[in-house]
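Generate the whole structure from the sequences, applying the supplied hints.
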Amino acid sequence: MIHDVNELSASLRYVAGWADTLEGLRRHAEEIDTGLLATTSAGPLAEIRRTLREAREFVDSLTQDASPEVAVDYRLPLPERQKVA
Amino acid sequence: MALPPFREDGWLPEGHHGATWEEVALRFAGEPESKRSLVLAGLLRWRAAALEKGMAGLVILDGSFVSSKETPGDFDLVFLYDEATEALLRKDPEARKLTDYQACRALGLLGDIFALPASLQRVSPLPGGLDMFDFDRRGRPKGVIEVSL
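First to last, the sequence lines map onto chains A and B.
The first sequence begins at 1 in our numbering and counts up one residue at a time.
The second sequence begins at 86 in our numbering and counts up one residue at a time.
Don't read these hints as lab results, they were simulated from the structure.
Computed from a predicted model, the values in this text were never measured in an experiment.
Hints should not be assumed to be uniformly reliable.
[What the hints assert, rightly or not] Which residues of chain A face chain B? A few of them, derived with a C-beta cut under 10 Å, are: (1) I2; (2) D4; (3) E7; (4) S11; (5) Y14; (6) A16; (7) G17; (8) W18; (9) G24; (10) L25; (11) H28; (12) T51.
Where a beta carbon is used, it is the ideal one built from N, C-alpha and C, also for glycine.
Below, the structure is given as structure tokens:
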């Protein structure tokens, strides 16, 4: 359950991650063979990702007390995963 | 390198922490016959089945199972399978069930399994893809476990 704007922001980020992953899978499938799903899902996925980005920007603008680790600048690429030995 | 202690909020420190399955079992087993021990058993059952099918790849363990929570409800993992496993999955429907989120839930493994081809990252290095497990529900960075299948 989502309780506040911070959690909504994090949930939207989570869903956006999966949308990006689906787009990656679509491109992966397209490389192997140009099946129906790979081509027809391109449009819907583009719309989902764009709308999610807009939703995240709006929600984050509502986060009055966003701490530095929560606020995200969408213009910048996300940081690399920190791999710990 | 030993797994680090949990933070005050119960999560591992930020980052992807490499581990062996022995370390995972030792650290996250919980008390005998506890809910946590049942969750671990489900995880190890899935792993054994995947190994028996000849699968290989990287497992990322996430969620409350790899936190200090006494009674996690389930385990959460991402399985990034290698190209040999990708070829196997095209031919073997029984193996595919072990990478099918719904089929695995139906098996009662007590876990959410997200299986993806590791080659995905080569084809589409999208920012945001596959890092969504690195943050808690409030968007704060947290740690996860990486272990070879």
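For each hint, the structure was consulted:
no. : hint : result
1   : I2   : holds, 8 Å
2   : D4   : holds, 9 Å
3   : E7   : holds, 5 Å
4   : S11  : holds, 7 Å
5   : Y14  : holds, 5 Å
6   : A16  : holds, 6 Å
7   : G17  : holds, 3 Å
8   : W18  : holds, 7 Å
9   : G24  : holds, 3 Å
10  : L25  : holds, 6 Å
11  : H28  : holds, 5 Å
12  : T51  : violated, 15 Å
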